[in-house]
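Trainee: Residue strings, one per chain:
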Amino acid sequence: MFKRIDTLIAPLVAVAFSVLFGSIILLVFGANPIETFIRMIDYASTPRSMTLILNSATTYYFSAVAVAIGFKMNLFNIGVNGQYRLATAVAALVAGYITFPGYLGIVVIIAISMLVGAAWAGIAAWLKVARGVSEVISTIMLNFIAIGLIAYLMAPTVLGVKTAENVIGTPIIPAGNRFPGVSLPTAPIPVYGMIFLAVALGFGYWYLLNRTRFGFDLRAVGMSPSAAVASGVNVKRMTVYAMLLSGAVAGLVGLPLLLGAQYTFTVNFPGNYGFTGIAIALLGRNHPVGIAFGALLWAFLDVSAQILDLTGVPREIIVIMQGVIVLSVVIAYEVTRRVKVRRQQAAVGSAGQ
Amino acid sequence: MTAVLSILKSGASRKVKFLALFIAVLATLSLVRMWADVLDLTSRGTISAALGLAVPIGLAGLGGLWAERAGVVNIGLEGMMILGTFGAGWLGWQYGPWAGLLGAILFGLLGGGIFALATVTFGVDQIIAGTAINILGLGFAQFFAKIAFSKAPGGGPTQSPSISALPTFTFDRLSDPLVSLHGKGYFIISELAGLISGVFFRLSILTVFSAGLFAATAFILWRTPFGLRLRSVGENPHAADSLGVNVYLYKYIGVLTSGVMAALGGAFLAIAASGVYREGQTGGRGFIGLATMIFGNWRPGGTAIGAGLFGYIDALRLRDANGTAMRAIVLLGALALIVLAILAIRKKRYQVVFGLGITAAVLISWFLLTTALPREVALVAPYLATLLVLAFASQRLRPPAADGIPYRKGESK
Amino acid sequence: MLAVELQGIWKRFPGVIANSNINLKVEQGSVHAIVGENGAGKSTLMKILYGMQRADEGTISVNGKIVEFDSPSDSIEVGIGMVHQHFMLADNFTVLENVVLGSEPTKAGSIDFAAAKSRISEISDSYGLEIDADALVGDLGVGDRQRVEILKVLYRGARILILDEPTAVLVPHEVDELFEALRGLKSEGITVIFISHKLDEVLQIADEITVIRRGTTVATLNQKTQTVTAEQLAELMVGSELPTPETRGSTVTEQVVLLVSELTSVNSDGKAEISDLSFKIHAGEILGIAGVEGNGQSELVEAIMGTRAATGSIWINDQDASKLGTRKRRELGVAYIPEDRSRLALLLDAPLWENRILGHQTQAPNAKGIRLTPKLTKMDTKRIIQEFDVRTPGIDVLASALSGGNQQKFIVGREMSGNPILLIASHPTRGVDVGAQAAIWDELRAAREKGLAVLLISADLDELIGMSDSIKVILRGKFVADADPATVTPQQLGNAMTGALKAAN
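Chains as they are written, first to last, in our numbering: chain A, 1 to 353; chain B, 1001 to 1413; chain C, 2001 to 2505.
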């Protein structure tokens, strides 16, 4: 029970600090913070907003799980952005150009997307294992290379088309290749059907990590590479597997939006879910349930921020609050860790060894 | 080419080596210009544009260098740069460009200060803290831009009113005749003419100032006791501590300077390049700066060359109407790989030779089989180059030994 | 004139007395060695003398004046310099940069490289420490790095040098070069305090030798006025009380469980950590490896476990295991108690029951196929806790919360599970309390009777003699002697370990 409280303390402190920080900014600009937050919650409680929150959270969840898989063994997959963008672009091209019978299309599209994501992450894995290149740097580079590659693929002379709004993108995906959604009562828009895939992924992620040998080896490397080696884990191989897995999950990030709402990949497709995923994975301590709460909180802030412009405060205050959350959550983790270590050292010292 | 290599290997003085390398680069450019038939490769416009594009990238790289030399990996450069663009725009449109520079410096200190607090005082993971700075910097600039510029004359929620321009220098007497000389297409001479005319064409005082920052960084970090101590903190903080160096202090100085440099890069974008603050103006240049610093082996000279190269490629992309310049880039890339491969043969590293050789062969055949290439080549080239350097020349890279490792006094390793 | 005098130094840590009533007199311009076994309290003493720790009681005098040190900078002030066992150097810096860091000569705001260089060459000339000031430290060998460390200290004007186990990392000819340099320093009036446990080296270089045993100074011998022998030192180090090796029946069988031949492993500098080691262990046999730490024991263990690259062959139970990975070797029935338990045998941030899985990921009761079986693991963890008397509030606490002795009992229990045929045990009772020690010994004896083959590495000579069926002595990566535990004494063994005698039997 104490363990639970210990792990919850840091994120709670971080969120509280961020709310405090946001309140101060609101006060400085003449808005009543309590009133503002109440309005945000009111706005977020409408069926439409709730649908939007669930939809955003679905996307964030995929991204955060992709990041968390890496984190679990101290790998830093900064490349989720590049992996999902490239994966979504390729998936959108396949979905836009080819019609499949029945639900086969959805299966094929998801599979292709995951493969592309894994392959793109695999380059970073190879560079790390074979050439000793830090995955942080290589994935940053690969993000930009992915952007160039997508720009090339989307050129009207190559595979892209001009969409209705005169934006360059992929052909509109036919109905058979779309992922059906479910609607909340009285909501004007449907919830992404892929939310169920996210739930399944969360369970699968938990099962893999906690109930399989593979997951144990992966976590062992993350906790202590030396002990993992002594226990017979091939660390290089695990690095490759973890990176591929992370990339495969990253491949899912863009699909809810693509197959559930937008039905085309344009050059304006949102490109920063990867960094959001890092923040949410941190907030949720890489735990499938924690990540779910983190994703919902993030999505709530994003959606409810829409109302802020009406109150005269720029809604970007939410981005500041999100940044404050990330920074204070890592500081809070570090501080609680140090307190814990000191407590343990004191205990061990008095025990005589 | 081998002649140049042997000069570089020989005991010749640094000046001679530099000159040899410079002439070799010009000769290569010249050959590529002729072979690919792209006169614009070394024209005044290209060089001048390249310089303007290189400065913000280079300053970001210099920012990365200051932090990493003190042992702190800074992937928050982008966020700090954004803060710089805002600071420059905010004070710049009201009180003029010089005040804009001051604003950028102040906001750079803010970004660097928060980053230092997290990474040095609290010792949190530097990559995570950098990510947070990127989010914070963006949110901060967007939020305050809306407040500061929405009601300003000529401004909007995502854009500041225009900032008055800083003086630029144009040496027409020197530049114009050189332009016509360049047009003649002489071997090497035209390249030299294009280069000089480009440098002295609408030269911004900020560009000169930035070059000064590079020189000052090189001098301070490698020639003064202060610099030695700052670098020692990035190499082995425990050793530095045992000799009485205040590790935390030097890390703070490194990270704060890093913030200022990156923010000045942002200021250049706002003041010199466009004359306004605009949302999304940095376009990932903080990350490119990080790449140039790695490309430049964590040294000011190397970073400058890297920034020049990246700026040059970007300039070619912007000016390339028909894709022929992209062909030239591919050819240049292939030649660079061949040089690296020759070096690797001498070191008997055949696996590397194989990798480089294959890549070079692919690039050359791509060059030969096409008449024009997509402009995206230029989008990808800098990052690909950095990855190739990391993958095949990492033995020659010397990052600070304690780069990225949080330091706690008394806790060894 | 005394350079350093320590009187009545006491230092206590929670539960441990590191130094008790230390008295030490060091003559100016002499080489004074301090010898003692590992854990005798040498390092603590030197940390006190260098200002890294404060003594609880006692006084320190330097050059006749009583001093108090709050930090190393205070001791540097009075001319004491320390060369740490683990070098404090920046690899990417030149020798010059490393030496001048923190006290750089300047000219017009920038470092006066010329002045620094001439001062360095002045020092290195007068003390015979040849070194290229412009060389990159990363390119230097170990011996050269040590010279840089000494240079650093001298550059800051030290007249009293503390060298902590300076020869531990050196090969023989480097040791000779170091001694040559130390003699040069001595002739210039520098005082050298030399900490070591290598008796032959101490006898070679020291004017006076102080022996520390169990935290206190037991004797100071002067090589100028008397003849000192290695046997004499060994006796002082180990103490006179002799344990009576336990007499018991042999359980050694004919069946060879571990057959190692010509095992050799080279480190990244090309130095052989172990060379040409050959031996076999039978079922029911405990083979003890005696040796001063750092003579190849860890490398031997790692090579057998497959976590270090090595040439030669390893057969486990008539199977060639030389090419197998660590996991496959463990699946053959190899149990492993590593020397550094928190780094190699535990996931400190994981609950105890998950630590039951570590090293046995593929074996029952932890896994069926690729699936883990936590229920069975948890049950078995409870069994271990009971059988091996692991004191813990439960199986869900983090491994880091347990005391060292209980962690070790848990590890022993885990490794003894699943009927292993071979146990590789490195210092199995180090850092555990007396009760746990006895329990672990009982466990090892019981397993041996059931036919377990054991490779036992220990610094505790009583443990080695009491437990082993046969003993091999390792020195600089080679076996230098065999000993029969029934007849050998700790002194003889200690001599063989330090190279003072060629054979103990």
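Everything labelled a hint here was simulated from the structure, so no lab data went into it. Where a beta carbon is used, it is the ideal one built from N, C-alpha and C, also for glycine. Treat the hints with care, as some may be off.
[Claimed, not checked] Derived coverage of chain A by chain B (criterion: at least 3 residues anywhere in the stretch with Cβ under 8 angstroms from a Cβ of chain B; other residues may be distant):
#, region
1, 131-137
2, 185-193
3, 311-324
[What the hints assert, rightly or not] Mimicking SDA-like on lysine to any residue, the simulated pairs with C-alpha atoms at most 20 angstroms apart in a straight line are:
#, chain 1, residue 1, chain 2, residue 2
4, A, K162, B, R1375
5, A, K236, C, R2145
6, B, K1151, B, G1275
Trainee: Are the hints correct? Go through all of them and say.
Mentor: Consistency of the hints with the structure:
no. : hint                   : in the structure
1   : 131-137                : holds (count 5)
2   : 185-193                : violated (count 0)
3   : 311-324                : holds (count 10)
4   : K162(A) with R1375(B)  : 19 angstroms, holds
5   : K236(A) with R2145(C)  : 32 angstroms, violated
6   : K1151(B) with G1275(B) : 18 angstroms, holds
Checked against the numbered hints given earlier, the structure breaks hints 2 and 5 and satisfies all the rest.
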